[in-house]
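Could you build the full structure based on these sequences and the hints that come with them?
For the protein sequence lines, the chains are A and B, in the order given. For the first sequence, position 30 (counting from the first letter as 1) is numbered 29 according to numbering that gives the first Met the number 0, and the numbering increases by one without interruption. For the second sequence, position 82 (counting from the first letter as 1) is numbered 81 according to numbering that gives the first Met the number 0, and the numbering increases by one without interruption.
Hints in this document: simulated from the structure, not taken from any laboratory. Bear in mind the structure is a predicted one, so any value in this text is a computation, not a measurement. Among the hints, erroneous ones may be present.
As the list claims (entries may be wrong) - Facing chain A, according to a computed beta carbon distance under 10 angstroms, are these residues of chain B, among others:
hint: 1; residue: 32
hint: 2; residue: 55
hint: 3; residue: 226
hint: 4; residue: 246
hint: 5; residue: 248
hint: 6; residue: 273
hint: 7; residue: 276
Note that the Cβ used here is the ideal one computed from N, Cα and C, for glycine as well.
Spelled out, the chains give:
Protein chains: 2
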Amino acid sequence: MSYNAIKLVKRPFGNITPDCFELCKIETPVLQNGEFLVQQTHMSLDPAMRGWMMEDKDSYMPRVELGEVMRSSGVGEIIESKNVDYPIGSRVMGMMGWTERYVGVSESLRVLPEGLPTEAALCVLAPGLAAYHGLVNVGKPKPEETLFISGAAGAVGSLVGQIAKAEGLTVIGSAGSDEKCRWLTEDLGFDAAINYKSEALQEPDALLTQVQIDCPSGIDLYFENTGGPIQHSVFDTMNAHGRIIVCGMIADYNSEIPSHGPNWLNIIKKRLSIQGFTMPDHFDQIPEMMVKISEYLMAGKIQYRSHELSGLESAIAGINLLFSGDNKGKLLVRL
Amino acid sequence: MSYNAIKLVKRPFGNITPDCFELCKIETPVLQNGEFLVQQTHMSLDPAMRGWMMEDKDSYMPRVELGEVMRSSGVGEIIESKNVDYPIGSRVMGMMGWTERYVGVSESLRVLPEGLPTEAALCVLAPGLAAYHGLVNVGKPKPEETLFISGAAGAVGSLVGQIAKAEGLTVIGSAGSDEKCRWLTEDLGFDAAINYKSEALQEPDALLTQVQIDCPSGIDLYFENTGGPIQHSVFDTMNAHGRIIVCGMIADYNSEIPSHGPNWLNIIKKRLSIQGFTMPDHFDQIPEMMVKISEYLMAGKIQYRSHELSGLESAIAGINLLFSGDNKGKLLVRL
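See the structure below:
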């Protein structure tokens, strides 16, 4: 019996085009001792995938080789097992890739706790690691501080904002639609949200003025998910001794010529610190962070929404929703 | 009896022009109890002065007001005293300004140790604070690492490099003439030096290629004094987990439109940290750092050279040598 999977067959140049991928059929193998077979039910689509597709010696993770199944994390159910620790019926989470089935071994996947909805696992636990690590461990926020989040309605950004609100910070975010901004202020409790795409903010200096209006005490912490037009306005509004946490630059992942960063003079004048991070450096802290994130979730302090696509092949076009900003919530593919 | 001083009377726009200053005569006051009169012998000219001249609410130090004597540090000799701790004949150092004489009170100036040459005090102790704090306290260098210094032949840069060589690092610097580069490699022991103004390096990518050739193991630490063309080439050669210490941006102090910084994507991919600093935040650490710097000096590990101008009024045109890069060594005015 065979199952479907999607391989990377071409590296993107600019936007991710359908010819980067190829649907293929894979024969379900006979399990060896210690192995188990997972039927994947939900696949996560994430901005970082754009980097994994590239030929880039500087990347923090090995690239996906041409001809390999495209990499992604997901959740599935064990339908066959030769591993007593991974019995049939268990739900597991981990890097299975763009595939209907996956042969796991111990340690390659984690068993999900009973009672945790699959969407919560993919919408909160996984992006929650980057959100929690970046905000808390890198940013070291204090309750009286003002935090600005770009890409605030994204999977990571929305969690950063909610954790920060739970910790007492003033939180302002940017997003690319009025609907997303309403979700941030009305549902998630953000103090303000800026639709950087709105027509009124396209005039020179209008975006800077709006940031200054919404952050009357300046910005102490900047959680950067996007780059793009908002970056310079936020950078120019930083307070002395401000900290900038660089988690994502989604506005530039597809660009052939990366946009300019701000001049460094303010880094001296305001004694700013700017710190980039990626999660593979911090795998050892994951169990501890999982506990923290679960506490926020259980205490009802975390809301999430998922944007679900349907069927393996929907990933091919669907991944671009992340870069156009047309996804409303964490992008998932239901298989 | 009166003495000469120079006041700031206009803020510069772009380059510093002579009409920003005005020579004036000040009547020597009668000393009150606790005061002492200093005849200034050496005045220091420093890049930071450009910032002090500006109307800038974000600056880390109060600006010099129009009509005030221009700010600078210097060394002088006490010629009259009503303070037992500051007897006639003592040499003192501190912020006296562009003036032949200065009335001091306790704590406003520091008495120099006997036997320390005045040039060493101004060329090593003062810039040494920024060099030591930035390299050691901010950069946390390890002996096997590679350090790149922009503005390496400058007052701060040349000390950073020599401290780093004393600590076992591989040190590469950039400067604006072949003569400065020879000084760095032949006299100060730099492993390599790049004349970023040399004709061969004006072609696209030539500077980046040269940085890569001179830093075959990449760059772990970048001590930034200049901004300008070298910045992007060094930034693109940083190793994973590299640290960037931002001390100066002299290429941009006079520019009406600041140049672009690098895109932030590499900050994530390489998990870089970038930290700006200014010394007024660290005044409490000065005595401790003075001891450390003196140790390097006494151990013969620090060389310096001064570029001396003569007479108070020479400061007016002379300050621009710092921005054209035409000074050879620490810029001083001998009075």
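Right, here's what the structure says about each hint:
no.: 1; hint: 32; result: 38 angstroms, violated
no.: 2; hint: 55; result: 8 angstroms, holds
no.: 3; hint: 226; result: 6 angstroms, holds
no.: 4; hint: 246; result: 7 angstroms, holds
no.: 5; hint: 248; result: 5 angstroms, holds
no.: 6; hint: 273; result: 4 angstroms, holds
no.: 7; hint: 276; result: 6 angstroms, holds
Of the numbered hints given earlier, the model fails hint 1 alone.
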